[in-house]
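J.: Please assemble the complex out of the two chains, which come individually in their own frames, going by the hints.
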Amino acid sequence: MKSLDDVLQGIDGALDESVARLFELLRFPSVGTDPAFHGACRDAAAWLKRLLTEMGFTARMDETTGQPVVVAEYAPKGLPSHAPHILFYGHYDVQPPDPLDLWESPPFEPQLRKGADGEERIFARGACDDKGQLMTFLEASRAWLRARGSLPFRLTVMIEGDEEGDASHLGRYVARNRDKLKADVVLICDTGMWNAKTPAITTRLRGCIAEEVAISGPSKDLHSGYYGGPARNPIRVLTKILGELHDRNGRVRLKGFYDGVDPVPLSTRRQWKSLNFPAKKYLGDVGLAIPAGEKAYAVYEQLWSRPTAEINGIYAGYTGTGSKTVVPAEAMAKLTFRLVGRQTPAQVRKGLRQFVKERLPADCKARFKSHGGDSMAVTVAESSPWVGLAQGALKQEWGRDPVLMADGASIPVVGTFKSLLKVDSLLVGFGLEDDSVHSPNEKYNLKSFHKGIRSWARLIGGLAHQQESMTS
Amino acid sequence: MTDISRVLDTADKGLEQSLDRLFDLVRIPSISTDPAYKADCRRTAERIVADLARLGFSAALRDTPGHPMVVAHFEPKAAHGKVPHFLFYGHYDVQPPDPLDKWTTPPFEPQKRTGKDGVVCLYGRGTADDKGQLMTFVEAMRAWIETTGTLPIKATILIEGEEESGSPSLVPFLEANKAELTCDAAFVCDTSMWDAKTPAITTRLRGMVKDEITITGPRIDLHSGAYGGPAANPIRILSKLLSKLHDKNGKVTIPGFYEGVGEVPKEIKQQWQKLKFSDRKFLKEVGLSVPAGEKGKGVLEQIWARPTAEVNGIWGGYTGAGTKTVIPSQAHAKLTFRLVGKQRPEKILKAFRAFAKAEVPKDCRIEFASYGSGSPASEIAETSPLIRKSAKALKDEFGRDTALIGSGGSIPIVRYFKDVLGMDSVLIGFGLNDDALHSPNEKYNLSSFHKGIRSWVRVLGEVAR
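Listed in order, the protein sequences are those of chains B and F. Going by my numbering, the letters in the first sequence line up with residues 13 to 484, in that order. Going by my numbering, the letters in the second sequence line up with residues 894 to 1358, in that order.
Isolated chain F (complex conformation) (with noise of 0.2 Å):
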């Protein structure tokens, strides 16, 4: 029996104690949100660091001016030659639970129970989100640990207790704390399979940056009667400067915007194609039928793999009822850019503001409010040596081929690892579509539970390699 089978073993051996050890998490409220929890928050966390020294880790809850982070660290006994050292990242705060009279058992009174269609499946705040997903991990340590008595990997486990509040003490504490945390690469466990059957990694994050336009046009509101037609009105030349943000096709009109922006490699393109995603019942669902993004891309690429130009708010004028006869003195609109690739978000900061400029006649006046620096794409090469060996561990448990996804939004700790700690992550979760994350009745399949486990075995024994 090879150690793989031998921990795999253990682990199934050990499904029931593994269930009650993350029924006790979710029974402990752990809302960050609310600091009526904030008692809960910390007891949660003293559990994780009392579980995690049981295991040998050198485990401790370190403070923070909001809930408590855990560290755990786990020195591989009797390595030889260079281990690698993985960051495993999860968090154990929660979603309120509110409506609480749409959940069918408590919130925090986790149940596992058989669905109509024979699913077994755990419900409970934070089953999926993120206390199942980053039990998983913890699990398949502890199987490694009972089996082998030690782990094939150096490990640091960094479980954070804000997430669900926007996480502010975490970019500081990385930075007070880099050297202890900065390891060769993390993983994250808070994403899911691209579905019940399809083991998934996600490689590709889109980044973004954020702007904010005023245009001045007229010094104060004007009566639409008495100035219309010889007054500029702001609304048009804003209008008029967005509409020409994309040429027919889609494709953003920016100068330069495109720079650094690659083509999806022809095998994951064929990959992406034997997802059999449907693009018809993805817009459907919202409402739409025809695809708004570049011509001649499909769904999927558009989302993963392509950046955009959205306005996200526009104001200006009277928007109350009725009508009122005024030309405006301003308008204003919000955007963001999803960035891909090697998009610079200074960059297309700096090109869009040019190309707005380049819009305003020369006695109005535009002005830019922007939001932070923005955040270049997170994407680790679909080739790169961890992701082949996390995706033959996947494929090794779910009998399929991984798939290799993006995911058009930004998830920001992987930001976080990558401007703090210089860290790529490599982000596996078990999570499914309908986990009604944030909404009553939470739930992570048992096999996702426990096929999770597992997987993490797998991939610790391939990454070790």
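Chain B on its own, in the form it takes in the complex (with noise of 0.2 Å):
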């Protein structure tokens, strides 16, 4: 294998103006959520049309029903028809900084401080989410291109500006440029390592539906001293179904729930148990200390692997101070479902009306409102050659094996290129958990900018090896 020495020393000698690069696009306060700051996105945008230009990309700059896109096509003359075609994903839009009073140095204007640590951190907002982590991969590009010339594989780089909003746009985009972004694998770097020296490999997704349930009774609210006793009380209704969603195990009743919840590969277990899950600091942290998921499940299982039924909200009634002797005469829940394994939306909403309707009274109403964005869980099976690749490649650059994480939380995008596209996600990213993203302070470790660009001049290299192997 040839030796990625000048590429590697190439990123090394270059390090500070790749951090230049990324303080510039750090600059920009890309805030896709608030109108305010759309010609800060469009800017964004533009830039970094530039960066991929000069980079000898064509790109464009792509109006969505959002913000707008930036895809870039590097297409190598002369590569063998079984060299991929990458996508690759990021997004150039942040969190709003708010509370501005509780950053240190102003969100928009990057700082590159040494901690009493010795670790060298940049603080911005997007530092890390996702600025920071989508140069890691085109600066790796940049230097692979300085060194080499031409990169061993098809790459198109699609970079959005409404990851933090409404994820619809991108969805809509990808639905009416299928055949443009259709690739062999998208590559995104957006997710974390298992802990500052441990890189991972993220390869499962929960997925997530939301639902609304009203629970209507009287037909108008009653005075509970006249009516108290004889009249159907719809909190009453809509308490008892949400008190036995789980049944003392922690299991979800609803019917059909847990078809398609395939179990985790042993191998995938032992690496989990391998890693110690902290448990009882993941709980403490936020004040808790017993474990409420499934009781036949450890927490990280619970989090990884299991589905769930959450209530993120309810209101009915009086709520305001004091009290009002009334029964309303409607009850509101709001619930979301965490999907795993084969689990889809449709089975679970079906099970969640059956559910009700079987503990409904006769003279109440129950009215359902799915909320959009629904997400399948992503699994991608640890055998698939793209997880050996970044498996061999983080390997060389941290020097230990990357842990094949879990993330309990769901990657919208993740589920639209699979379902738009057919196409997996490769998921490796470099955050850390003290990274605040979303919150004041945000930061990314040099480390992780510096380590992240080699891995992925690594994992390109993999590629390139590949090829001269099928070549040859």
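No wet-lab data here; the hints were simulated from the structure. All clues stand as given, with none of them false.
Across the chosen pairs, the derived CB separations fall in these ranges: (1) F/Val1183 / B/Ser382: 27 to 37 Å; (2) B/Lys293 / F/Gly1155: 53 to 63 Å; (3) F/Thr926 / B/Asp446: 49 to 59 Å; (4) B/Arg260 / F/Val1183: 23 to 33 Å; (5) F/Glu1260 / B/Gly296: 15 to 25 Å; (6) B/Lys292 / F/Pro1061: 50 to 60 Å; (7) B/Lys293 / F/Glu1260: 25 to 35 Å; (8) F/Ala1247 / B/Arg260: 15 to 25 Å.
Among the chain F residues that face chain B by a calculated CB cut under 7 Å, a handful are: (9) Gln1195; (10) Gly1209; (11) Thr1216.
Stretches of chain B that chain F covers, calculated by requiring three or more beta carbons in the stretch to come under 8 Å of a beta carbon on chain F: (12) 223 to 232; (13) 287 to 296; (14) 309 to 323; (15) 369 to 375; (16) 415 to 424.
Backbone N, C-alpha and C define an ideal beta-carbon position, used for all residues, glycine too.
T.: Written out as structure tokens, the structure is:
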């Protein structure tokens, strides 16, 4: 295998320039959800288009129903037919910086500061999520191109501006541009490492659907003195239903709910076990001590490989100060279900409706409302060659086996790529737990940035090697 | 001619003047909640004082931090032996008349009109609530005094002017004037008949105690993706807790909850059955059809004689538009318990709290914020002499058995009389369901007024014996 020293040395030698470019990007206050910053979003997109053009890409800024998408294509001449087409995804929009007074340095004036622990950190909104992370890949590509002249695969870079806002904008865009975006794999740099020393590949993401249930009973609010007893109280009906949603072992009682929930392969279970997930600290940090999920599963399993039914909001009757003797006409709850394996949104919705209906008194009505943004769970097979490739690259760079990690949360775009393009995603990222993503003083360790770039370079190297061996 | 029939004769002959006096009162817009009508409230009180003084009461207007009270005493002349002493309560303040454009005739220009059904009604704000009702006992007393020169009992009249604004001055006033106002019992004229033909005495009022619970799980709101599963969700804990509050037969499951809840006497149950109350119609009017209370008990029994645990409000987490993937730190609920019989509010609260605490995992917290100490039920035995005599008087007037009914709600004045003055209340009123209290076109049937006066004439005679 050809040495990567030329590429890696190039990265090390030009790190200051890479940081300078990241700082330029960080200076755009590209808050996608706030109309006041839509100009800054456009500026950030234009800057990225220019950057990619300079790197030799054919780049454009496409309008969407939301913020513009930057799409850049690199199609090296003379690629062998078996060379893959890779889609790299990132987002240039950032979370709002509030509360501003908690920032030690202004959110859109990036600073490199050395901590008491000797660690150098880049502070700014977006330093990690996702400007810092997406730049690791772009800088790796740049270094590769500088050292080798051409990439060993066809590459399409897509950087959107609505990740922190409404995911449906990108969904519509991808649906309209299926042909151009269709690739063999999507690389996404928007996740974290296991810890500061151990890299990770995220191979499992839970899906999510959102449902609203409203139970109505009496035709109007009633006086609880004159009607209390004989009149049906929708709060009682609703809490009865919600109270029965889980059995005493924490299992969800909807019919068919666990259909398609596959057991986690033994090898993965072993690896998870070896991670010594700090359950006590994880719960202790948020003021809890007793795992509340399915009793038969460890905390990390509850989080990574088990589905949930969660009540996110409930509202009915009088909620002001003091009291009001009312039997309300309606009671409402908002629920989300985290999905795993092959669970489908339709199956869960059907189960919920049936469960509610079975418990609904004859004179009450139930109304359901589905909120958009359904996502199925994502499970990337550990046997996938892309996972193998990333494992090799990350191990070389970090000197440790990467953890095949799961994430309890959903990354809707992964589902979008899967459902619209039928393409799997490879999630490799260098964020750390203490990066304060979405919070004041967001940061990205310089080491994450530097070794992130080097990691991607090694992955590109792995791809080049694969092709050499296939060609020869 | 007996005393009673002579007094009734006087009342009948004086009906037109009685109506004039009522209309004079209705013409004053004594809206207690609106400061613009402060002087009108006082003017109303002054008019009542002057009227009672003319009748021979020692009557006075008594200032309070709010609107003044009217207090008047009557010592019967030539009383031999011990004469019972009763307090008569009413209120001279009225609800605001809005929306004005819905009134057929101006609210403070009372009118007597005959409806399509031939029923003669008195229209105006306060004709029923409570000027018309309080004037029934005042006019009955007038008839007694004009006919016999005295009353057959010792009477104290208390008319307040803040009932529609929560009676803020009442309890301090009762406390400051305990000795003066404590009587053998109180008659309150602010309730309704069972129907237009059937008189009623309200003997059972449920008590109430309130509580509010807050369950705290995680220290902060959590992302339901990053914590969903392992993290305790306070809404789930609260729902579970509340779902256990009733068994499948609608009985409250709190240990000890039913201590002191007696069975309704058989004869009273039979009487209630005779009222031909339609459970179906009652529920249908509010869009329901399945009785939700304790199985095996009729609606009337559920409302009048059975306790409840009711959730009046619940909230937690995200309640705005759309969705938010949050596990909230806290969830809350407001509850009220309606009490009957000898249920003690403080014991109910204690039992509920113990019940609730047991449902909360050890790493979560439950806190309670109560609103006052609550009040036990107010019940007068249907067999007590006072009820028996009053019921007989009403039966004599209406020619029908008096319905001894309950009310699911509490009437604060009854509680105050009991708590402060240690006095039971007998609730007799002549209102009807369609009187449009608190609404436009409030009315009082002329027959309610007329037979109301006659009823009190009889009640005074009966209870004097």
